[in-house]
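2 protein chains.
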Amino acid sequence: MVIVVHGGAGVRRVDKPGDPQLAVLEQALEAGYAQKSALDAVIAAVMVLEDSPLFNAGRGSCFNADGEIEMDASIMDGATLRAGAVAAVTRIRNPVVAARAVMEKTRHVLLAGAGAERFAQVQRLKLEDAEYFRTEARLAALRKNLKDHHGTVGAVALDADGNLAAATSTGGYTGKMPGRVGDSPLIGAGTWADNRSCAVSGTGIGEAFIRAAVGHDVAARMRYLKQPLARAAAAALAQVKALGGDGGLIAVDRRGNVAMPFNSEGMYRAAIDRAGKKRTAIF
Amino acid sequence: MVIVVHGGAGVRRVDKPGDPQLAVLEQALEAGYAQKSALDAVIAAVMVLEDSPLFNAGRGSCFNADGEIEMDASIMDGATLRAGAVAAVTRIRNPVVAARAVMEKTRHVLLAGAGAERFAQVQRLKLEDAEYFRTEARLAALRKNLKDHHGTVGAVALDADGNLAAATSTGGYTGKMPGRVGDSPLIGAGTWADNRSCAVSGTGIGEAFIRAAVGHDVAARMRYLKQPLARAAAAALAQVKALGGDGGLIAVDRRGNVAMPFNSEGMYRAAIDRAGKKRTAIF
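Line by line, the protein sequences are chains S and P.
Anchor point for the first sequence: position 71 equals 71 in the numbering used here, and the numbering is continuous, going up by one each time.
Anchor point for the second sequence: position 248 equals 248 in the numbering used here, and the numbering is continuous, going up by one each time.
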């Protein structure tokens, strides 16, 4: 198993990021690594990060301009190109699990808002009240009107059968408009997986990632231009930069190559590569 | 001005389609052709189709499983790669106009549900009650549990300045789950425009269009594989077919070439080409 996780771009040195986040990131990595399939691996990793209040996904999500939390998540299975996603959900404990349920239990790819919540309830997924998701740190960011958008989480994996998968989950960013949907739940933007090329999960200014179709662009550059993963990932991210956006992405290709480029000051990231070697970094 | 409009794939010979739809399609084409910019052209064309009860967008949209209408729309400006979209909106008379407002008046690309409605209200866009959108034909489709998904509308255009634009609008399909969002409001899936390559608007089984990232794939094949528009469009649509989906798309490239492939029985479509020649067809 090759697995890569991110805990979001946008982190700055002045934020004094540190050990607690890295420890959770390692837990997420280990949780994913312990799985057999790439699909189970990305779910397990993202769930750990959603459950932690230190990242901007699930518990600890950013507040929108109304002081409410609306979360987005998606997953894609590179073997079948099946995908699932939820957007603007407020009560689902693990949006990535709901995304997988959309993929596996419906004919649809994306469910938004109240319809997604109702579906999650029917599927007996864990729901929580608003208090569960709320953290003082994110509330302070809203009060101070901070441009707080770091902490989106994601994972990509390649399993022993050669299958790729990707998942992304986020609370968006502080002060976003109610109903705003970013790139994280959008297949081809924040998330992409295709066994013919690579698996990608993005983080950053989501609007620029959508306008550059980042996830699909990395894959298209590999398939059509025969670019190696690192070059394709860097080129896709350069398009984001050209649109005035910053952020980063994690990617793994079908040979197990890993790329983790970013153009922000830092990006929480960790990987276990083909040789079983673990790496963790912020800057 | 080169302009192409579609009124949806999925139409069958047994549906006895005919003159009324074709007449509205021509009105849409003329409304777009009368504009100076590609962006204004696709808006004008799609508005005509949204206002007509004969197409599945705006008035005349399909009902979801709850017997409600939830509409999706998007627009993309090929000159700047700016984009805007709304999803699962219930009261906005012209969702494509709301999509443009998201693009021009917010930092966001996609607004969903109640947040999008509130934004439309603040922007003083025309809202309507449920009765306005409701048609007997779509209600009958819901009652008979028909697999009714035809009638999505869209337009692509190339203006005299060499700018491309694309817009798509839909009510989804009859019996869809509440909250389901298809490819129409998703940039890179149902809609794409980039002056470096082409403008695309799709129609069909939206889930397959998302999983094949159809809009961006047509553009990527042109830019990276140097495929001509017709070949790129056919290849992207073949991916939809490979995923078990059917449908079609309209596209125009920066040289004014037009493609209108579909793998369904029919697709309402009309175009005015570089020579000013008009074509209209269903099968």
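Source of the hints: derived by calculation from the structure; they are not laboratory data.
Worth double-checking, as some hints may not be accurate.
It does not matter which identical chain is meant; a pair holds if it fits inside one copy or across any two.
As the list claims (entries may be wrong) - In the DSS-like style, the derived pairs of lysine-lysine whose C-alpha atoms are separated by at most 30 Å in a straight line are:
{"#": "1", "residue 1": "LYS147", "residue 2": "LYS105"}
{"#": "2", "residue 1": "LYS144", "residue 2": "LYS105"}
{"#": "3", "residue 1": "LYS241", "residue 2": "LYS226"}
{"#": "4", "residue 1": "LYS16", "residue 2": "LYS126"}
{"#": "5", "residue 1": "LYS16", "residue 2": "LYS36"}
{"#": "6", "residue 1": "LYS241", "residue 2": "LYS105"}
{"#": "7", "residue 1": "LYS105", "residue 2": "LYS16"}
{"#": "8", "residue 1": "LYS105", "residue 2": "LYS278"}
All figures in this text were calculated on a predicted structure; none of them were measured in a lab.
Tell me, in ascending order, the numbers of any earlier hints that this structure violates. 4, 5, 7 and 8
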